[in-house]
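Peer 1: Sequence:
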Amino acid sequence: MNAKWKKRTTYITICTFWFFGGVEYAVILPTLWLYIHERYNAEQYFLGMILSAFSVTGLFAGPIMGRWGDKTRQTKLLLLFSNLWEIGGNIMYFLGISKWFLLGSRLVAGVGTGVGAAIIADVSRATHIEERTSVLATLMIARQVGLVVGPGLNLFLRKSNFTIGPYVVDAYTAPGLFMAVLWTVMQIVVLLFYHNLPELPAIKPKITTNTDPQMNGGSSSSYESRPTSNLHSVPDSGIHSESSLNTDRPRSISPSGLVDPGPIYESEQLLREHGEYVNSDNPQNQYIVEVKSATNQKLTWSYIRQEFLREEVVLLLFVSFVSMFMQTGLETFVTPLTKSLLNWGEFENSIMYCLAGVEVISVFILVHFLSKRLQDRTMILIGCLVEIACIAFMTYYLPIAKPETPLILPALILGIFLDVFGLPFMAVCGISLYSKITRLETQGFGHGLRRTMLGLGTILGPLWSGALLSRMYVMLGVVLGLLVLATVMLLLSFRWLKVERTSPVHTQSVQETEQEKAPLLPDAGLQNTMNSTYDTVHGTSSTMS
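For the sequence shown, position 503 matches number 503 in UniProt numbering, and the numbering has no gaps at all.
A few of these clues could be false.
What the hints assert, rightly or not - For lysine-lysine, the following PhoX-like pairs were computed, each having C-alpha atoms within a straight-line distance of at most 25 Å:
hint	residue 1	residue 2
1	7	436
2	402	339
3	498	436
4	99	159
5	339	159
6	7	99
7	76	436
8	402	99
9	498	372
As the list claims (entries may be wrong) - Pairwise CB distance ranges, derived in the manner of DEER restraints:
hint	residue 1	residue 2	range
10	4	38	17 to 27 Å
11	98	378	44 to 54 Å
12	138	38	32 to 42 Å
13	339	12	21 to 31 Å
14	348	8	37 to 47 Å
15	84	12	18 to 28 Å
16	488	165	56 to 66 Å
17	393	155	27 to 37 Å
18	12	372	18 to 28 Å
19	366	406	26 to 36 Å
20	336	478	13 to 23 Å
21	467	366	29 to 39 Å
It should be emphasised that the hints constitute simulated quantities derived from the structure, not laboratory data. Just so you know, even glycine gets a beta-carbon here, dropped at the ideal spot from N, CA and C.
Go ahead and model the full structure; you've got the sequences and the hints to work with.
Peer 2: See below:
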């Protein structure tokens, strides 16, 4: 199997992983409330606890598995390991036993979500920046397909009625057994078709702040030197070893007979060939590139502080938290809400989630195409504004809604439509932009931190909504306030989130052009120095004469 097919089968496997994750969420959520309430007499707050439990362990597993992926680059092994937790957790969910045992089952299954940080880091390192948003959007569609297919599968699972030994397989326990089988199948798929993605090698142009812009034939670099803590990797397929950019090596004669002007020339040529994003507004983001193996990057507190406590990084982490806090909170109260206002059961809720899944897939496809025309920061802003409109409408209408009145169904449809429409803009573009402003060497750990913020949102959202179902003004008002705060922060940092791409030029054309412009001496600056020395000497001689 050649490299192209290995990469393709790996992407298909990643899509399958996220597809199964979407299926799991969609087959368990519609029946979870009825499962714990009718069988174990659980209160409404316990629904929030179980939904949050899935993210509690993922909160810690994300950074750990992400860093493990950074150090070893063995994402396949990580994936196999994480699937074992999913299998075990879903078997526990099938067994049931008690409401506390069900809580433990979601804690165990949540460990398996930590590998997502390593997977996204691998994709980030294997894709060029200009294509990353569309690639991530395409891959994440798989989860949404799972969310659509899941409710359809639930329509069949709800008809289950048989026993395995002393354990009953019915509408409530069948989802756990079904997902345990799917994650077992996933193990086979990973073993056969997943290959660790090859990293696009990084380059390290050694550029100092006192570099003369007239050197190297008058060309100057678009990067300025920054402190080591802000170094950022540039993926490039044309570099294969650090030694090729060793700035200490002597200049050599090229095949054309011209003197090789050195590593600065090489770095500029590579940037022209492949292009790179540069933040033109925030000088803190104008990184140069450091060739340091990710496996050798020490993760010190100083490094974490300087890399992940920058304003734009903190902003994106906060946006991730708010989006998940809002989404999981809405998903927690929508099932009891449809029960009290519309008297819906698991069948109607499954249809609702299925239709919402169709919409979100359509929006992900829209994001895929808009990513080629709009910047990530703009699409994040669009998502925030749509969600503000959604929550503002719900805050106004839902607290005063009366059961089974004519306007309830249209109002609920409008609220869900706006919520589902805005979320993909915040999710995909947030991930993509985050990967662009953080170093590739520690993408796994970085995305682990991002998943920690998502986990916090997933934990606190259901707990908040589950505890305040009877006080909707407070519940929705806090969500609205967080969204407004995130949007204001986004606007204040908007210019610092801008990324620009230098247009790539064909390799051969660049080489020919640079060879024509290259000076005969190793450096134009050296030529000027020699000319000045010559003039000074001859001027002195003339004076003496």
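Peer 1: Determine for every hint whether it applies to the structure shown.
Peer 2: Hint check results:
1. 7 with 436: Given that 25 Å is the threshold and the Cα spacing comes to 21 Å, the pair holds.
2. 402 with 339: With a Cα-Cα distance of about 12 Å, the restraint between residue 402 and residue 339 holds, given a limit of 25 Å.
3. 498 with 436: Given that 25 Å is the threshold and the Cα spacing comes to 10 Å, the pair holds.
4. 99 with 159: holds (22 Å)
5. 339 with 159: With Cα atoms ~21 Å apart, residue 339 and residue 159 stay inside 25 Å; holds.
6. 7 with 99: violated (43 Å)
7. 76 with 436: holds (24 Å)
8. 402 with 99: With Cα atoms ~32 Å apart, residue 402 and residue 99 exceed 25 Å; violated.
9. 498 with 372: Cα-Cα ~15 Å, so holds.
10. 4 with 38: 17 to 27 Å: violated (52 Å)
11. 98 with 378: 44 to 54 Å: holds (49 Å)
12. 138 with 38: 32 to 42 Å: holds (40 Å)
13. 339 with 12: 21 to 31 Å: violated (39 Å)
14. 348 with 8: 37 to 47 Å: holds (39 Å)
15. 84 with 12: 18 to 28 Å: holds (22 Å)
16. 488 with 165: 56 to 66 Å: For residue 488 and residue 165 the Cβ distance comes to about 57 Å; the hint holds.
17. 393 with 155: 27 to 37 Å: holds (30 Å)
18. 12 with 372: 18 to 28 Å: Holds, at about 23 Å.
19. 366 with 406: 26 to 36 Å: Hint holds: Cβ distance 32 Å, inside 26 to 36 Å.
20. 336 with 478: 13 to 23 Å: holds (18 Å)
21. 467 with 366: 29 to 39 Å: holds (35 Å)
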